[in-house]
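S.K.: Below are the chains, spelled out letter by letter.
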Amino acid sequence: MSRLGTIARRSFLFGSVAIAGGVALGVWYLRSPGTNPLRPEPDETTLNPFVLIDGNGVTLIAPRAEMGQGTQTTWAALIAEEMDLAWDQVQVLHGPPAQAYYNSALMAENAPGPAYGKSAFQHAVGEALGTLGKPLRMQVTGGSTAMKDGFERMRAAGAAAREMLKAAAAARLDTDPGLLTTENGAVIGPDGQRFPYTELAEEARGHAPREVLLRDPSEWNLLGKPLPRLDMVRKATGTAQYSIDVRPEGLRFAALRMSPRRAGMLRFDAEAAEQMAGVEKIVDLGDGVAVIATNTWLAQQAVDAIEIDWAPAPYPETTDAILAEIEAAFDRAPDSTLLDRGDPDSLPDGASEISAEYRVPFLAHATMEPLNATAHVTAEGLKIWSGNQLPTFTRSACADAAGLPERRVTVHTTLMGGGFGRRGELDFSVLATRVAAALPGTPVMTTWSREEDMRRDFYRPAAIARMRGAVKDGEAVLFDAAVAAPSTARQALERWMGFAPPGPDKVHVEGLWNQPYAIPNARARGHIAPELKVPVGFWRSVGNSYNGFFHESFLDEMAHAAGADPLAFRIALADRAWRPAARVLEAVREMSGWPEKPEGTGRGVAMCFSFGTPVACVIEVAESDGGIRIPRAWMAADVGVALDPGILDQQLVGGLVYGLSAAIMGEITFADGMAEQENFYDYDALRLPQMPEVETRILETQRWISGIGEPGTPPAAPALANALFDLTGTRHRTLPLNRAVSFAA
Amino acid sequence: MPTTLTVNGTAHEIDLPAEVPLLWVLRDALHLTGTKFGCGVAACGACTVQIDGEAVRSCQVALGDVWGDVTTIEGLGTPAALSKLQQAWIDHQVAQCGYCQSGQIMQAAALLAETPQPDDAAIDAAMAGNLCRCGTYPRIRAAIRAAAGMEG
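Quick note, the sequences are listed as chains E and W, same order.
Numbering of the first sequence is given in the working numbering, commencing with residue 1 and proceeding in unit increments.
Numbering of the second sequence is given in the working numbering, commencing with residue 1001 and proceeding in unit increments.
In case anyone wonders, no lab produced these hints; they're calculated from the structure.
Check each hint, because a few of them may be wrong.
Unchecked claim - Chain E residues, not near chain W, derived (Cβ > 12 Å throughout):
#1 99
#2 112
#3 203
#4 266
#5 286
#6 450
#7 661
Stated by the list, open to error - A few chain E residues facing chain W, derived, Cβ under 8 Å:
#8 67
#9 235
#10 240
#11 248
#12 250
#13 680
#14 689
Claimed, not checked - These stretches of chain E come out as covered by chain W in the derived footprint (C-beta under 8 Å, 3 or more residues):
#15 190 to 200
#16 227 to 233
#17 401 to 410
Every value quoted in this text rests on a predicted model; they were computed, and no experiment measured them.
For glycine and all other residues, C-beta sits at the position ideal for the given N, C-alpha and C.
Taking the hints into account, I'd like the entire structure generated from these sequences.
M.R.: Written out as structure tokens, the structure is:
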């Protein structure tokens, strides 16, 4: 079927209304184009909020956080493809915070109905819901949504700009635009005349097209193949600028100390700090203290010299007491029962039942770039440089902190040295604003020490699962899961918007209720520990990060109880539910040669469906003198449309490593109300010698384009634990695994 | 009293206490921001630079203790004049977030200077101290091998 579609002019920036049909039209007013936030200089022209042209070239706006996932490269490629730009002509900027840059896919996840195998109607309902992102001003990077969000509307933005430029050239030639073509950033006339976009831009503004036609993928020049990332040369030469690298004139450097018990400050004594080298100002923040100095290290030394008494934590003081509160949530009515199929209360005749409890710990994000932001308060207003995943909310929160209207606040969103969800928070930008407000007229960079970053994280919550299942004649006949944890979504949305929407918390049970396995009797219940105030937040793959481990470890237990091969067991279940899920399993079976394996190794498999993408993973483990090694891994993912296979490979491998690091050694514990880990020596991650060889494969068989930034993470832990079981016969139900297993360094 | 420091071939007079780590001299006094702060305790390698060709963690070397000429990522090559190793990094599209990569490249450059044809064990040993949270390790290994002329 041709993917060509005619898209109505007024909707071109906001999705495939004409294709999607009636549902989308019902919310027409939400889809009218937003105000263009770009403020061109006299020699610049904007053709829409995503295309800026000046005498030197074309700059594309990719208003999504570049935290390593390659989003700005592929976002720009979507626009450039339809504009017929040569790749070496493409420049990309993040741009300002703006409603026009809202995420149209984030809210779509809340559409009712099945998570996989969506019909066109269900997809359209999701798109309509996604438009809620606009009034909520949700310019958010997260939920592996960027390509779902941009796939049609960025190509449409590029196509619209192209048609405007063609119309301008046609006016010059007094001819029909249909006779013109475009290539390498220029319109080509019927006689081969060449009009560079840079010369046509000003004239093009008046020629908004009535409709645009998106190209068939068979005509793509940029999309569908690995492109050199737009940030790669800068990142290989130390010239990429992260927020920690901005150096506005007159910059001062601050360090701070906030409560490791996440509560108030009772008193502090900064007498010694005041006398220390380089110190320019001690800032009493009320709930913490900062030091502004001439050098970050001198500021850190001075902060360390301040004696502070902290108020007690608003949550239990120890890990055991916190876990007891989570466990008590099982005694409460479930917050959600999103999966309830067949008769999960009864044991089918002749079936044998198994049950098990699983536990995972709190986790830190530990981005390589410690949290930081720079703020400059002047008579005109506030400027802030911040690597953040939510610029509109950041602007609003910093405006509040500075006591300024939003229009007087400028946010520069920089590259990010890792995000993983942590930079989807407001605290580091707001604190930088509060510190700089103590020294008006001077730009101040507030950098968190690694210890501050780790003690003041919004952690991936600890979670407990109670699993029950039954098998009969080699097959799964019952799956009954319950998970307990504090609610990440409610805490995070409260911080973003000041309220959390009512209703069941889907994020808490994602990866547990929505897996593409046809088990006739199945249930998934989510229990929330509502009073637990340990700060928790979005961590790469969020609920899937723990539910993936619970689901896929327990399914392995069921396969063994059924006397079945764990991979064949899964393929049979997935095949009856949703073919793309079976196909990724078949792919890793073929890639890894399953069930053959080298002597002395163990292998485990897992398949997790998250953010629209099924990912299967086989991991191989082996004994060595130094402990368990992970020689190899195989991964397959079905993303519907593979826009950049190179970046997809990076994200699958990166997601796997992030998941393996957590599975093997990630753990935040609490004592005296404080996180006990503080730096990489006690919160480490996988190192190069521990890294397996990874082979990836991308499939494009499912109907809709899906996300890739997070889906590589959930299968890592269960595939590894299942491989250990295969090797040693011991079932590991608690993470991290290094509590029980010795891994090679 | 100012300390004289030679970085990438240029001598600088630094007016900071002698105990300030080289990392923070480079970043905050000289504005050479390619060298990154990651942990402050030599546990991540993001701050790796070379002193007289030896890879060191600049967060652990006090200004007063710097014993030779300092080379940072900015001195290894520039976008207009890439070193062979940086070109290999680009050819293999190594970086994701990129924050650790300056340190990775400076560590790898020191390895290749000492061992032009490192085997996997030598690469493991040299690179184990450089943390990457994005999981770029397979491409780092491939880029080092390519720069050493050991591809395929």
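S.K.: Indicate, hint by hint, whether the structure satisfies it.
M.R.: Here's how the hints hold up against the structure:
1. 99: For residue 99 of chain E, whose nearest Cβ neighbour in chain W is about 27 Å away, the distance exceeds 12 Å, so it holds.
2. 112: Residue 112 of chain E is indeed farther than 12 Å from all Cβ atoms of chain W, at 35 Å.
3. 203: holds (34 Å)
4. 266: Check passes; 27 Å lies beyond 12 Å.
5. 286: holds (26 Å)
6. 450: Violated, since 5 Å does not exceed 12 Å.
7. 661: violated (8 Å)
8. 67: Given a least distance of 6 Å, the restraint on residue 67 of chain E holds.
9. 235: At about 3 Å, which falls below the 8 Å cut-off, the nearest Cβ of chain W leaves the hint on residue 235 of chain E intact, so it holds.
10. 240: holds (5 Å)
11. 248: violated (11 Å)
12. 250: Violated, about 12 Å.
13. 680: Holds, about 4 Å.
14. 689: holds (4 Å)
15. 190 to 200: With 0 residues closer than 8 Å to chain W, the region 190 to 200 of chain E misses the three-residue bar; violated.
16. 227 to 233: With 5 residues in contact (Cβ-Cβ under 8 Å with chain W), the coverage given for the region 227 to 233 of chain E holds.
17. 401 to 410: That given contact is violated, which follows from only 0 residues of the region 401 to 410 of chain E lying within Cβ reach (below 8 Å) of chain W.
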